[in-house]
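Construct all of the structure, not just a fragment, from the sequences and the given hints.
The opening position of the sequence shown corresponds to residue 1 in the working numbering, with each subsequent residue numbered one higher.
These are computed hints drawn from the structure, not numbers from a lab. Cβ coordinates follow ideal geometry from the N, Cα and C atoms, glycine included. Check each hint, because a few of them may be wrong.
[To be verified] Calculated cross-link-like contacts (lysine-lysine; reagent style BS3-like; alpha-carbon spacing at most 25 Å):
{"id": "1", "residue 1": "K48", "residue 2": "K139"}
{"id": "2", "residue 1": "K28", "residue 2": "K48"}
{"id": "3", "residue 1": "K123", "residue 2": "K139"}
{"id": "4", "residue 1": "K100", "residue 2": "K119"}
[Said to hold, decoys possible] Computed beta-carbon distance windows for the label pairs:
{"id": "5", "residue 1": "T54", "residue 2": "T6", "range": "28 to 36 Å"}
{"id": "6", "residue 1": "N179", "residue 2": "N79", "range": "29 to 37 Å"}
{"id": "7", "residue 1": "N203", "residue 2": "D72", "range": "26 to 34 Å"}
{"id": "8", "residue 1": "N203", "residue 2": "T73", "range": "45 to 53 Å"}
{"id": "9", "residue 1": "N79", "residue 2": "G162", "range": "44 to 52 Å"}
{"id": "10", "residue 1": "T223", "residue 2": "E77", "range": "29 to 37 Å"}
{"id": "11", "residue 1": "G67", "residue 2": "P90", "range": "20 to 28 Å"}
{"id": "12", "residue 1": "N4", "residue 2": "E86", "range": "20 to 28 Å"}
{"id": "13", "residue 1": "G152", "residue 2": "G67", "range": "46 to 54 Å"}
{"id": "14", "residue 1": "M129", "residue 2": "N203", "range": "20 to 28 Å"}
{"id": "15", "residue 1": "D72", "residue 2": "Y220", "range": "19 to 27 Å"}
{"id": "16", "residue 1": "K22", "residue 2": "P103", "range": "14 to 22 Å"}
{"id": "17", "residue 1": "N4", "residue 2": "Y68", "range": "20 to 28 Å"}
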Amino acid sequence: MKANQTVFQILDLDRTLLDTFKLAHTLKDIIARHDPQLAQGITEQIIKTTEERTSFFLFEYIADRIGYEKLDTYISELNYIAPASELLLPGASERIAFAKSQPGWSVGILTYGAARDQKIKLKLAGLQMERYLITDTPKKGDILASWKLPNGKYKLPIEFGGHTVDVLTLDDDKLIAFNGLPDDVLGQWVTHATIGGMTEMQNLPDNVRSVSNLTESIRYLETKLLNL
Numbered sequence: 001m002k003a004n005q006t007v008f009q010i011l012d013l014d015r016t017l018l019d020t021f022k023l024a025h026t027l028k029d030i031i032a033r034h035d036p037q038l039a040q041g042i043t044e045q046i047i048k049t050t051e052e053r054t055s056f057f058l059f060e061y062i063a064d065r066i067g068y069e070k071l072d073t074y075i076s077e078l079n080y081i082a083p084a085s086e087l088l089l090p091g092a093s094e095r096i097a098f099a100k101s102q103p104g105w106s107v108g109i110l111t112y113g114a115a116r117d118q119k120i121k122l123k124l125a126g127l128q129m130e131r132y133l134i135t136d137t138p139k140k141g142d143i144l145a146s147w148k149l150p151n152g153k154y155k156l157p158i159e160f161g162g163h164t165v166d167v168l169t170l171d172d173d174k175l176i177a178f179n180g181l182p183d184d185v186l187g188q189w190v191t192h193a194t195i196g197g198m199t200e201m202q203n204l205p206d207n208v209r210s211v212s213n214l215t216e217s218i219r220y221l222e223t224k225l226l227n228l
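The structure is reproduced here in structure tokens:
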């Protein structure tokens, strides 16, 4: 990396920074004390979407059945039982700090899902003050490609500050996120292998590396961004 280059590091929310599995199961256990049938439905959806490797819009699913007012009471209890720090995956805070650790470096959370759901998750995880953008497509590589300028730099959307940067990185737990990823973007496929993430070998693009956790992502990017 050349001296004085600006870097914007893009981080996924669910299963990358946020322990979505813990959030869902903690909330399900709270609901089970009041509505066992709804809790069973949540369990079935978790199993189904895990097997299909798709996204489960948890809060939207619950609100469709009991309304957001009742959901809010369960979320308040969840917030008491599981403070924000306990809903972050290991290394999440350090990964965000690393993304801001050098002059000209900045960070944003790019998350796929229902807007209301994702805003609730950001708040529960204590990340609502970070720059974030909620998208309706899981193919984040295509989004990043749309920011590229003719001179090779990237023009960030207003949600991420609207400025131009030299280098982009992307951490995400889903392979589909890297569809269409420009060749000069550094991608980290975060498998979280120790908590049941996908570990099978994949044919990854040359600019996408498999990392088992966020600490490994930091170490890899140190070699790429700091020339260590």
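Right, here's what the structure says about each hint:
1. K48 to K139: holds, 21 Å
2. K28 to K48: holds, 15 Å
3. K123 to K139: Roughly 24 Å separates the two Cα atoms, so the pair holds.
4. K100 to K119: Answer holds: K100 to K119 is near 22 Å, not above 25 Å.
5. T54 to T6: 28 to 36 Å: About 35 Å separates the Cβ atoms of T54 and T6, which means 28 to 36 Å holds.
6. N179 to N79: 29 to 37 Å: Given range 29 to 37 Å: holds, Cβ gap about 35 Å.
7. N203 to D72: 26 to 34 Å: violated, 44 Å
8. N203 to T73: 45 to 53 Å: holds, 47 Å
9. N79 to G162: 44 to 52 Å: violated, 32 Å
10. T223 to E77: 29 to 37 Å: violated, 44 Å
11. G67 to P90: 20 to 28 Å: violated, 35 Å
12. N4 to E86: 20 to 28 Å: violated, 39 Å
13. G152 to G67: 46 to 54 Å: The hint (46 to 54 Å, Cβ to Cβ) holds, given that G152 and G67 are roughly 49 Å apart.
14. M129 to N203: 20 to 28 Å: With Cβ atoms ~38 Å apart, the hint is violated.
15. D72 to Y220: 19 to 27 Å: violated, 40 Å
16. K22 to P103: 14 to 22 Å: Check failed, 35 Å falls outside 14 to 22 Å.
17. N4 to Y68: 20 to 28 Å: violated, 47 Å
Hints 7, 9, 10, 11, 12, 14, 15, 16, 17, counting from the list given before, are not met by this structure.
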